[in-house]
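Line by line, the protein sequences are chains G and Z. Per our numbering, the very first residue in the first sequence carries number 1; after that it's consecutive. Per our numbering, the very first residue in the second sequence carries number 1; after that it's consecutive.
Worth flagging that the hints you see were computed from the coordinates, not collected in a lab. If a hint is listed, it holds; no wrong ones were tucked in.
Computed cross-link-like contacts, DSS-like style, restricted to lysine-lysine with a CA-CA straight-line distance of at most 30 Å:
id: 1; chain 1: Z; residue 1: K232; chain 2: Z; residue 2: K95
id: 2; chain 1: Z; residue 1: K84; chain 2: Z; residue 2: K18
id: 3; chain 1: Z; residue 1: K263; chain 2: Z; residue 2: K231
id: 4; chain 1: G; residue 1: K64; chain 2: Z; residue 2: K254
id: 5; chain 1: Z; residue 1: K95; chain 2: G; residue 2: K9
id: 6; chain 1: G; residue 1: K9; chain 2: Z; residue 2: K284
id: 7; chain 1: G; residue 1: K23; chain 2: Z; residue 2: K254
Partial chain Z-side listing against chain G, Cβ under 10 Å, derived:
id: 8; residue: N47
id: 9; residue: W76
id: 10; residue: A78
id: 11; residue: L81
id: 12; residue: D89
A short, non-exhaustive set of chain G residues, derived as facing chain Z with CB atoms under 10 Å:
id: 13; residue: R10
id: 14; residue: M12
id: 15; residue: P14
id: 16; residue: M15
id: 17; residue: I18
id: 18; residue: D22
id: 19; residue: N44
id: 20; residue: D45
id: 21; residue: W49
id: 22; residue: N53
Ideal Cβ placement from N, Cα and C applies to all residues, glycine included.
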Amino acid sequence: MPHYTLDAKRLMCPMPVIRTQDKVAELKPGDILEVTCTDPGALNDIPAWCRINSHEVISSSEHKGEVVITVKVGNA
Amino acid sequence: MAPPLKSVLISMATTQRKAVALISGGLDSLLAAKAVMEQGVHVEGINFYTGFCVEGHTHAIRKKDKAKPKRNNALWVAEQLGIKLHIVDVIEEYKDIVINPSHGYGQHMNPCLDCKGFMVKKAHQWIEENGFDFIITGEVIGQRPMSQRKDTMPVIARESGAGDLLVRPLCAQHLPPTLPEQKGWLDREKLFDFSGRTRKPQMALAEQYGFEDYAQPAGGCCFLTDAHYSKKIADLWTSRGERRYELDDIMLLKVGRHIRPKKHFKLIIGREEGENNFLSGYRKMFASIKTTSHAGPLTLIDGEVSDEDIELAAQISARYSQGRTAEKVEVEFTNKEGVSKLIEVIPMPVSQLDDTWQV
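Only chain Z is shown next, with the shape it has when bound in the complex (with noise of 0.2 Å):
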């Protein structure tokens, strides 16, 4: 005899099945999530801070920027969602990712797999600790980057250890049966099929489910996939001679033109006021230059200077001033203990400026 409907109702309900879904605040993360949720999933977003994330930095620190609205679309995906958020910073551990992926880089200083390796493992360790029952990302087979390869995502759930409690619901009737799958906790058939770069079927699915307005970010949103940063992450691990960073490292690396004269050391000048006042903050890290006969940039050197390198350095930091054609510019030069001294120089022409020592 069939059990009485009200058991079965409290028997549900006593056993909804709880998941964190990975939320990069892109579309396939909030498909995937709402996927899992319209089979009556608990589902809360898990979203991990790594210091390379796009996430407006630029714009905060730009003063042209500064009226474009910001929002942190992780944020705003858990809240169309209407599900918590769990950001985590996980700044020093991701360091190992970056400077040694056992899985080596992508295309410039990507380590894609090894990135998302780590951050499945990490959803692994909270769900335990949390007293979830699964883990949901947005990947789908065949998308960029290198971990949505089919042969890669096996590779992801067993190093993670996720095993099969990573459910892919974008692309699950490719895989194989997950535990939640297997377990009846999902409907396998309510899952999909999608494959390929291709994003109208997630788009079709988005207007199925309501969702009007979703971040797509061109070229990804992590700083690491862009070529310009990569070749700046490179120029700083070849002048330590060791590849290190702090966060700070990686935070200027997103500001300011880089320019290294010498081997041992670079400039970092703002181009607008916004990357200025960002960068005086920097001023008892580094030694810096500011012009003072013209308006012009604030110029921080990072590297051990002599006399001779400091006139160098003011004269390229006079070269991107309003002072730029005048026969001489004067500049304040300023130690990591804040002594000044003011020098007079001739901005250095472009002719002059070799292209090689662009970073």
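Bound conformation, chain G alone (with noise of 0.2 Å):
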């Protein structure tokens, strides 16, 4: 399946959710985006913002200050 990475380091809430929403907006159903921030305040809203518009998180982590969350697109 297609697997897109998002650049929104430097970027603080809800820029990162901001621009997680319309880059997913672009892609279909089943695509893979990996989304890398460095506001900790992601860890928390885009797993929320997935969890309310059908989205799947597949995994998170955090290292050396910057986020990574990787995004599978569901069917909204």
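Reconstruct the complex from the two isolated chains, following the hints.
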């Protein structure tokens, strides 16, 4: 399945969510999007946005100030 | 003869009305959306990001706040309601509201009436583009800010273009019936008659709906209602000789100490490690100073500076370092092109730090 990346570093809440939302709108169900952020709030906000919009968070991690969240686009 | 029940149900199912609710993340918009959902309307949320929203920026930057739980309240409210939330970046369009508000400002730099009109107008455009029927806000007559007065509510409905498609469920019974009420999409008797600054009716309704945890932001959710922040914007515009800003400007106003020792330059001094890290991301846009002989802040210099200005900036910066009582402090000055030089200065004594320099 197609794998995309999104650089949302140095953006603060809610911009990483907005960028994720806008990118996901261009993708198809089943596509994978890996989002990299530096705002630790993204660890809560992007999964929350995914839950209410029926997308799936496959993984999330934080290392040396960088947050990486992998999203599988749902049928919303 | 009455139509068969099955055809009535099919008709109801096919004509379910759709509304978009302006979700700020506070209690009122939560309740307003819920009140309409209770009447069988399909509700989705919309949240506009202006750049001035308080939502956690300083918590995200400051190291001492890193352990605090962070959540975007608008997303949290949408999740509590089980609805979709559309977050819209309006940073560019919103500049005109802040710079040229046709209804003027509130107590500080807050253009609340223009702001609400702008957001309802954007929501109106959204429902037209997305096939929704009406708009919901959590406004309550008589509650702060000034956009919620009985005489200003019709102004918002009129100037936004939303007219009678704008429903304020929490105080609907004080207002003329809207189109959704006239058409029977909403039962006016099941809407509310809240007014004034008391929060008791909202708290009782929250309990009735089973909401136990909700945000109650003190002083609103917008930096423009903050006296100190407004003063910094005014200083920015005065120093530039024109009323304009970019997103980076308004983000930097949320961070550090702002000191203007001379008209033509300002210092932004990190107050702790998290702020220093944040400010370091701007070292290609601003000249900067970092103490090297002692632990100390990173300072950005906003403005063009002479050697004499750099000396003054270094003395002030050293004042906020661990070397504030030392005879000499060494600092590294770096210009926007990345060229550095070391300077030794005497930290400025508190007595010489003019109060009028503090922005």
